[in-house]
Every structure is written in structure tokens, then in C-alpha cells.
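Full structure from sequences and hints, please.
Chains as they are written, first to last, in our numbering: chain A, 3 to 310; chain B, 218 to 452; chain C, 17 to 580.
FYI, nobody ran anything at the bench for these hints, they're computed from the structure.
Pairs of lysine to aspartate or glutamate, EDC-like flavour, derived with a Cα cap of 20 Å:
1) K418/B <-> E402/B
2) K192/A <-> E317/B
3) K221/C <-> D280/A
4) K177/A <-> E313/B
5) K335/B <-> E313/B
6) K177/A <-> D325/B
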Amino acid sequence: MDLSLFLDPTYLGQNLVDGLSRGAVYSVFALGFTLIFGILDIVNLAHAATYMWCAFFGWIVLSVFGLPLPVALAASMGAGALVAIGLELVAFRPLRREGAEPLAPMISSLGASLILVSIAEAVFGSATRRFPGTVIDPKPLEFGGSGGLRVTWAQILILGVSLALMAALGWFIRKTRMGMAIRAVAASRKASQLLGINVNAVVMTTFAVAGALAGAAGILVGLMTNNIFPGMGAQIELRGLAVVILGGMGNIEGAVLGGLILGVVETFTIAYLPSGADLKDAVAFLILFLILWVKPTGLLGKSAGTRA
Amino acid sequence: MALLEVRDLAVRYGNIEALREVSFSVEEGEIFSLIGANGAGKSSTLLALSGLVRVSTGSVLFQGEDITGWRSDRIVRSGLVQVPEGRSILAPLSVEENLELGAWIRRDGPGIRTDLAKIYTLFPRLADRRRQAAGTLSGGEQQMLAIGRALMSRPRLLLLDEPSMGLAPLLINAVFEIIQAVNREGTTVLLVEQNARKALKVSRNASVLEHGQIVRTGRSSELLDDPAVARAFLG
Amino acid sequence: MNADLDRLLINALLALSAFSTLHARQLSLASAGFMAIGAYTSAILVVKAGWPLFLALPGAVLVCGVVALIIGLPVLRLNDVYLAIATLGFGELVRIVIILNPDWTGGPTGANLSTGFGYEAMKQTQTWMLVAFLAFLIYLFHRMARSRTGRAFRAIRENPSAASTMGINVVGYRNFAFVLSALIAGAAGAFYAHAVGSLDSTDFKFSRAVDILSYAVLGGAGHWLGPLLGAGVLTELPILIRDGVGSSVDFLKNFVQLPNILDGLALMLAIVFLPGGLISLADRIPAWRTRSRRRTAGPPTAGVVAPSAVASGVVLTLEDVTRSFGGLTALSQVSFTLEAGRTYGLIGPNGAGKTTLVNLVSGLYRPTSGRILWKGREIRRWPAHRIAAEGIARTYQNIQLFSEMTVLENVVVGRHARIRTNLVTSWLHLPQENREEAAARTLALDLLRRLGLEAVADLPAGKLSYGDQRRVEIARALAQGPELLLLDEPAAGMNDVETERLAAFLLELKKTGLTLVVIEHHMDLIMKVSDELLVLNFGRLIAQGSPDTVSRKPTVIEAYLGKD
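So this is what it looks like as C-alpha cells:
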């Protein structure tokens with residue numbers, strides 16, 4: 003192990019940048035999970051399948067139709083919203099009747115996820131797809147000459163879009179009428195009904211937002227790894243779960259914080275530990291198990307934006 | 218014509234009959250009490266009136282319209298608003314946000330702001346705490362918030378489910394004074410209470426629920442002295 | 017060797033693995049992970065260590081058991097959602113370990129000829145082995161279903177907290193179910209490895225766990241036959257489709273993902289339209305429904321259930337017991353003692369803390385501070401099932417019967433702690449099990465008779481009227497042979513006649529030396545049966561004494577009727 007690595011500030015800075023950009027994407031994905039959990043107390047295990055389909059959709063828009071990146075991003079988010087609404091109508095709403103099993107929605111989402119992934123495998127096969135090289139300038143920006151900090155346009159875009167989305171979500175939840183309604187339903191469904199809020203409409207809106215976030219994550223991960231295949235959901239699903247458990251289920255700030263932490267820890271693992279590249283996949287699981295053991299409610303617990 | 222008319226209301230949970238042939242009516246402008254011991258069916262009645270629970274048989278007429286089977290948000294929009302048992306305030310949201318949500322069904326911005334100011338005048342403690350999370354308020358303050366929130370929708374009929382529950386005696390007096398003040402301003406009140414004496418003292422008419430059935434209806438002043446009422450509570 | 021039949025049998029084993037945890041009401045997605053561990057362990061033992069199959073298989077199963085014990089302990093403490101997520105994570109972790117250790121497992125290329133896992137050495141499974149093992153498991157599950165253990169699982173599945181107050185060690189049983197599930201999945205994995213002849217880590221990816229779940233959910237987790245049905249349907253259906261319609265439609269012939277899509281559909285449809293699974297349809301067949309009735313009970317005896325040891329003097333002491341939930345104090349500095357053989361009425365308005373008190377004594381909650389002493393021993397840290405076994409029984413304010421089980425079975429569950437036979441005796445089918453079961457049923461029928469319920473003994477408990485259900489709860493609690501019985505609003509929902517009969521029954525119980533605590537709002541009932549009254553208001557004990565004195569106290573009257 004090269005000890006001098008620990009002392010190199012450029013190396014540290016580089017990994018911080020890489021880690022934050024990776025973590026930002028995890029946060030965007032995890033926010034979708036946490037929104038659904040906050041409002042319905044269920045874990046939507048078809049969230050990753052939504053994300054995967056949106057990644058393919060974006061690839062189609064970019065490769066087959068040759069449209070520019072912003073269009074692909076918007077289309078992907080729209081597709082995600084539609085898929086999520088479909089899931090709510092088919093997999094979740096029928097179970098919201100009296101006396102239904104608490105785990106039934108989760109099981110239903112597993113079934114939906116299996117169907118979605120299997121169809122993708124049948125349609126696209128297992129070969130990976132890549133975004134066309136013309137989408138974004140691959141030449142990195144360099145700061146401080148060669149041997150200094152290198153940041154690719156992809157990373158700038160990923161960080162920028164992620165932060166913008168998170169800020170937009172924060173504004174939506176805290177400053178708009180619908181956002182307040184979402185927080186109300188998350189706090190108490192019964193009280194919200196008694197206020198005249200149409201709970202089903204609010205739930206549907208939440209799903210649409212969560213789905214759009216999954217869609218955005220799909221495009222961003224495509225830019226980051228350039229590796230789109232039907233099984234890509236599994237890796238990010240576990241990371242997403244680790245993030246929401248780390249940050250606290252249903253906690254929006256927690257999802258943001260947890261994602262960034264996971265991204266940085268993963269990157270640092272690759273950078274500083276020998277055979278770190280192999281270990282990086284295990285990082286998410288270790289965090290998951292650790293938190294479940296020690297403090298299952300997560301770092302920030304269920305707090306503002308979720309039920310008391 | 219009565220503001221609210223309940224006819225032969227029956228509510229079942231599975232094969233358990235919670236309410237059977239419940240009938241009573243509430244006149245416009247009065248405070249009407251529904252009293253009964255724990256488990257008598259008071260909460261089931263209010264759940265049915267607000268559309269949170271399905272009515273098996275019978276009907277509910279509000280302002281002459283049959284609202285039986287209406288979805289809960291539609292009932293609220295028609296002017297029938299409930300302050301549920303245990304307050305059910307939205308704990309993570311601020312006091313002001315809770316009040317704003319009370320006006321969810323309204324679209325008149327200026328009117329809402331005027332009413333908000335009125336509520337703060339009526340409940341100065343809430344004004345002091347307007348930016349605080351509602352969950353940090355004391356029990357009495359939460360009850361004020363719940364009532365204020367319901368008033369923000371300018372209801373025609375206000376349903377109150379056990380407003381005295383869990384409150385110290387001094388606060389109970391304050392709450393009941395507010396209920397009377399609200400009623401004087403023109404809001405009809407249907408009060409469901411376990412504290413029978415207090416409820417009978419503030420209301421004009423009342424019905425007594427026992428085991429899911431109405432066993433007595435009449436003027437509250439007469440019921441206060443009726444031994445049947447005492448029996449329904451103390452056996 | 018018939019590959020299709022082997023696949024069907026292995027899926028049947030996997031379905032039983034899922035059944036094991038589901039019928040303890042736990043959603044575990046770990047079966048694929050254990051299947052992988054079993055498969056690779058057996059492959060390594062056979063190929064790298066040169067073990068014969070009949071040693072490698074048990075070896076692989078043993079490894080799975082050990083791993084299950086290690087992760088089970090922390091993970092099974094978690095509640096439902098977190099447990100499912102943790103097991104999901106476990107499955108993926110196993111896959112990563114497999115991929116990262118190519119020297120042992122062949123890594124991402126898989127365990128096949130190119131990585132040193134020769135076909136001849138690997139491919140050893142015979143169909144008869146699978147059939148024999150499956151038959152063996154069916155025997156075990158069948159005997160378990162008819163035993164006290166099976167009954168305990170049914171109770172846990174319907175209502176884990178009520179089961180714990182009947183003396184059932186819910187955590188222990190769930191640990192057992194989890195380990196059993198791992199053992200079966202490990203065996204299935206080992207058989208699979210040697211049936212297919214080579215392994216690939218993608219054989220055990222997450223969709224496998226969902227497939228396994230779909231067998232159990234479609235079939236129904238109420239009975240072991242359910243998952244077998246589910247596995248059968250979901251294994252054969254794609255084959256039928258492919259051979260039938262598929263022979264003329266080209267893309268169906270090579271539609272590899274067809275089984276997965278069918279599994280996913282089965283999951284979604286079953287959970288919405290048939291939550292009990294296919295096996296729940298069997299309840300419509302009378303012969304199936306009455307299968308438990310065909311077991312014998314002995315002749316009626318005249319005795320009443322007497323407490324196992326008649327105590328005297330002080331039996332229960334509470335010292336400064338406080339219980340808070342976050343900011344809310346439900347009970348505050350409550351102290352009192354209960355003497356053997358006396359009947360206490362616990363009264364107070366709604367929200368006063370009466371049920372909280374019962375929950376504390378029966379072990380469902382722990383006090384925030386204070387002490388609870390039962391016959392001199394501190395019990396406040398004891399788990400609920402231990403308290404139940406020690407002689408404290410209770411009923412529930414909102415009825416907590418096992419509504420799908422028959423009335424008789426509900427009461428027999430109460431005997432759980434008093435029956436000595438365990439799973440080993442059941443599996444060995446020893447005669448003492450039949451004896452103890454018959455004795456338990458006799459006693460249960462007796463209790464039902466005394467409460468006027470023998471006519472409904474074979475009905476599902478959920479179908480009874482409110483008043484009847486309350487009496488079944490009382491019978492169930494009495495079946496525990498308690499020394500202290502806590503009744504939480506036993507007369508709620510009863511009419512005057514039923515209340516009269518209940519009062520008479522309680523007075524009969526007093527004569528047996530049982531200590532009774534009755535929470536009630538029916539004042540005439542309370543006054544009739546109580547030797548002493550305890551009054552709670554706002555979490556505090558505001559009065560204690562003889563019924564006459566207490567009911568006249570102004571503070572008590574005020575608490576009920578309200579102040580002017």
C-alpha cells in the first residue's frame with residue numbers, strides 16, 4: 003500500500019470530486035425510494051426496474067433518434083413518471099383497502115420488478131448499450147496542470163443536474179401547495195382526508211415525482227458508467243436501500259446526505275485500500291448491515307418531511 | 218329543516234355491529250351533544266359522517282342533500298368538517314402550515330389570510346408559536362390548533378370528537394368556552410363527548426349512545442337530571 | 017434422468033424453503049443466497065476436496081445452517097420491512113463473495129470445465145435422491161403441522177404478539193424457521209449443482225429469490241402443500257405454453273424469460289386477488305376443512321381448570337411503575353399489591369392507562385422505570401412468553417383471537433406452555449405426543465363447555481359474534497392454567513343477558529383461588545365481582561379500596577362523569 007497516497011492533496015481532492023459526483027446520483031435515486039416510503043410506508047422494489055427502463059429509453063432517444071442530451075433527460079424523466087404512475091395503479095392502489103397485509107405492497111412490487119426486468123432482457127438481450135460518444139465531450143478539464151485535478155464534463159453535468167434536481171425537489175416539497183399536501187399525507191393519512199385532501203391524487207403525484215427522479219438517475223448513471231444493460235438495477239437498488247436506511251427511511255435530507263456519504267466512502271475505498279476495487283461493491287452492504295444492527299432508524303431518523 | 222339528519226344509520230366492521238338504527242338530527246345554529254360511555258359507538262358515528270368508514274344501511278342528510286357514501290374530501294368541501302379524536306394534527310408541519318392546510322378546500326387567498334389573522338386573535342398562544350413544529354405543542358395547544366384548523370375551512374357544521382380527552386381540567390374549561398364562542402359566531406356544532414356533564418351543559422339538545430344504539434334523545438337540560446343517563450355511564 | 021422432472025423437484029424443495037419462513041410470517045429473500053452457498057460448497061467439496069456426494073451434501077447443508085445461525089441472530093430481531101431488505105442484501109453479498117473468489121468458485125466465468133469443475137465429477141444427482149429427500153421433508157412438515165409446533169407457527173402467523181402472551185417464544189420459533197429454511201435451500205442448491213453439472217453466479221441472482229417467493233405466494237403459505245402446488249404450477253406452466261402454443265409461435269419456443277414473467281404475474285395477481293394462495297381455495301372443500309376435527313379428544317371430565325399451584329399472600333407488586341411513550345406519560349408512579357385469590361376491578365375513564373398497565377404486567381411493554389414483582393421475583397425484563405409460562409394470562413380489549421383457526425384450536429394454543437412434547441417427539445411420532453394432545457383437547461373442550469361454547473368449537477373463530485369471541489378469549493387464557501388472570505373489558509359488546517352470565521362465571525372462577533383483575537366500564541358487573549377497586553385517571557392511581565367506598569369518592573365520580 004502506497005502510504006504517500008494519503009498525503010497527496012490532489013489525489014484526495016480528485017477522489018472527493020469523484021465520490022461526490024457518484025454519491026449525488028445515488029442520492030437522486032434514493033430520493034425516489036424515500037418519497038414513496040414517507041407517504042405510504044412501503045418500499046417500492048420496482049424503483050430500480052423503472053430506472054433501468056428509463057436508461058434504455060434515454061439510450062434510444064440518444065442513439066436511435068440522435069436527439070441531444072437535454073431532450074433525452076426530459077424524455078427519460080417523463081417516462082419514469084409514467085411507469086411509476088402505472089405501478090401505483092396496478093401494483094399498489096389495489097392493496098390499499100382495509101385489512102391488507104402490511105408486506106403485500108412490497109411483494110407486489112417484487113413481482114412487477116421481475117416482470118419489467120424480464121421483458122427488458124427479452125427485448126434488449128444481455129449485451130450492454132453505450133451512449134454515443136458524441137453526447138458529451140470526453141476530454142476532461144484540468145486544473146493545476148497535468149497531475150492536477152481532472153474533472154470531466156460528464157461529472158460536471160452529473161453534479162450539476164443532481165444538485166439542481168435536489169434543490170427543485172426541496173423547493174417543491176417546502177414551498178408549493180402540493181408539496182405541503184404530500185407532507186400532510188406522509189404525516190397522517192386520516193387527518194389529511196379530514197382536511198379534504200384527495201389522498202389518492204397526492205399519492206399519484208408523489209409516484210410521478212419519484213419516477214421522474216428514477217428516470218434522471220438512469221440517464222446520469224448512463225453518463226457515469228456508460229454501461230446500460232437489463233440487470234443494472236440490482237446494483238443501484240442495493241445502494242439505494244443502503245442510502246435510505248443510512249439516512250433514515252422517509253427522510254429527504256437523509257437521502258441526500260446518505261447518498262453523498264456512500265459515494266465518497268466507495269470512491270475512497272477504491273482509492274486507498276488495496277484490492278479496493280473488488281471491495282467497493284461490499285461497501286454498500288456493510289453500511290446496510292451495520293446500520294440495521296446498530297441504529298435501524300438511520301442517522302437522521304424519521305424527521306422533518308415525514309411522520310412524527 | 219335540520220342542518221344534519223341521520224336516519225337509521227348502521228355501521229358494521231366485519232360481523233361486528235358497531236352502530237344500529239342510529240337516528241338523530243341537528244338544528245342549524247345549535248350545539249348538539251352525542252354522549253355515551255367508552256365503546257358506545259360515538260367515534261364510529263363520526264367516522265361514518267365524515268366518510269372515513271362505510272355505512273351499511275341508513276342515510277345521512279346534510280343541508281337537505283343525501284351525502285351517504287360520499288368520498289371524504291367531497292364531504293369536507295360541502296361544509297362538514299371534523300376535528301378528530303386525539304387531535305390528529307400534522308406533527309412535523311409548522312403551526313401555520315397546519316392552519317393553512319385547514320383551508321385546503323378554499324381558493325380565496327385574501328379571505329384565507331383574513332381568517333388566519335382571526336384564528337391568531339382567538340388563539341394568541343398559536344400566534345406565538347406559528348413557526349414551531351406542531352408536534353412540539355402541549356396537549357391543550359394542540360387542541361386549539363385542531364379547532365382553529367377546522368375553522369379555517371369556514372365549516373357549516375363542526376364535528377368535535379372528544380375534545381376534552383387527555384386535557385387537564387383548566388384547559389377543558391378553556392376549550393369549551395371556545396366551542397361556545399365559535400357557536401355564537403354562527404357555526405353549528407356536533408359535540409361527541411365522554412365528559413357527559415360538560416357536554417350537556419353547553420349543548421341545547423343531546424342523544425345518548427349505548428352499545429351502538431340511541432337510548433335517549435332530548436333537551437340537554439332535562440337529560441342532566443335523567444337517571445337513565447347516569448345509569449348508561451355508571452351502571 | 018429427466019431434466020424437467022429434476023427441475024420441478026428442486027423448485028419444490030425451494031418452495032418448501034420459502035414456506036418455512038413465510039409460515040412464521042416473515043418475508044425472507046435469503047433462499048437464493050443459501051441455495052448458492054449450498055451449491056458452491058458441495059461443488060467445492062466434491063471437486064476440490066474429493067468428497068463423495070453422500071458426504072458433500074450434508075456438509076453443504078451444515079455450512080448453510082451455520083451461516084443462518086450467525087446472520088439470523090441479529091437480522092431476525094428486525095421488523096418486517098428491514099428483515100426483507102437485510103435478506104435481500106445478504107443474497108447479493110453471497111453473489112459478490114462468489115465472484116471475488118475465482119480460485120474457489122471459478123469467479124464470474126462460473127464453476128465449469130474451464131475453471132476446473134469437471135462435468136463428470138459434478139453431475140451426480142439422481143432423480144430418486146430428489147424424490148426421497150422431498151418425501152422426507154414432506155413427512156417432517158406434515159408431522160410438524162399436526163404438532164404443537166405447527167400450531168405455534170399458525171398462531172405466530174396470525175398474531176405474533178398474542179402468541180407471545182400465550183407462552184410461545186416467537187423469536188425462538190422464527191430463528192428455527194429461518195435456519196430450517198436455510199438448510200432446505202442449501203440442500204436444494206447442492207442437488208442443483210450436481211444436477212446441472214456446472215454453476216454460474218447468475219443462477220443465483222436476485223430474480224431467483226423472487227421466483228422462489230412466487231411459488232410460495234401463489235401456492236399459499238398456510239399449509240406446506242401450498243408452496244408445492246405453486247412450484248408445480250409455475251414450473252409446468254411455461255413448459256405447457258412452450259409445447260402447446262409455442263410449437264407454432266416461434267418466439268415463444270426460445271422465450272427464456274417466460275418462467276420469470278409468469279412468476280412475476282403470479283406474485284402480483286395472487287397478492288391482490290388470492291392473498292391466501294391456491295391452498296386457500298381448498299377451504300371450500302368440506303373434507304379439507306374438517307381434517308383437524310378428525311382427531312380424538314378424550315371423554316369429558318368434571319374438573320375446572322385449577323391453577324397449578326394455589327398461592328397465598330401477595331402475588332403481584334408494582335412499585336412506582338412509570339411508562340412513557342416519547343413525550344406522553346401513560347402511567348405515572350403506579351404502586352399497588354395484589355393478594356392471591358382476590359378479584360380486583362380496574363376502572364377509569366378512556367385513556368387512563370388501564371390497558372397499558374395490563375400490557376406491562378403481561379410483558380408486551382417494559383416499564384420506563386419502577387419494578388414489577390411476581391411472587392417475589394422481578395419480572396419487568398422478562399419476555400412475554402416467559403411471563404405467560406409463569407402463570408400470568410390476559411385477554412385483549414380489541415379481540416386478538418386467531419381468527420382463521422377454529423375455536424377449539426384457539427383454546428388449545430393456550431396450553432402451549434403446559435405441553436411438554438417438542439418437535440423431536442413429533443418427528444419421531446412418539447406416543448406421548450398423542451396423549452398430551454388428547455389431554456389438551458379434552459381440557460379445552462371442557463372450558464368451552466363451561467362457557468357455553470361447545471356448539472361452536474369447530475367454527476373458525478373469526479365468524480363468531482362479538483360476545484362469543486370475547487368468551488373464547490377467556491377460555492383461551494384459562495387454558496394456560498394461570499394464577500393471575502387479567503381481563504381487559506371482557507363484557508364489551510355483550511348484551512345484558514350475556515353480561516349476567518359472565519358475572520356468574522367470574523364468581524365461579526373466584527372459588528378456584530384464581531387472582532383476577534377485571535377492566536370494565538360495565539359498572540354493575542364490576543361491583544358484583546370485585547373484592548377491591550383500583551381507579552386510574554391520567555395514568556395515576558387515584559383510589560384503591562372496597563367498591564362501596566371507592567365509588568362514593570368525589571374524585572372518582574368526577575373522573576367518570578366529568579367536572580362541572
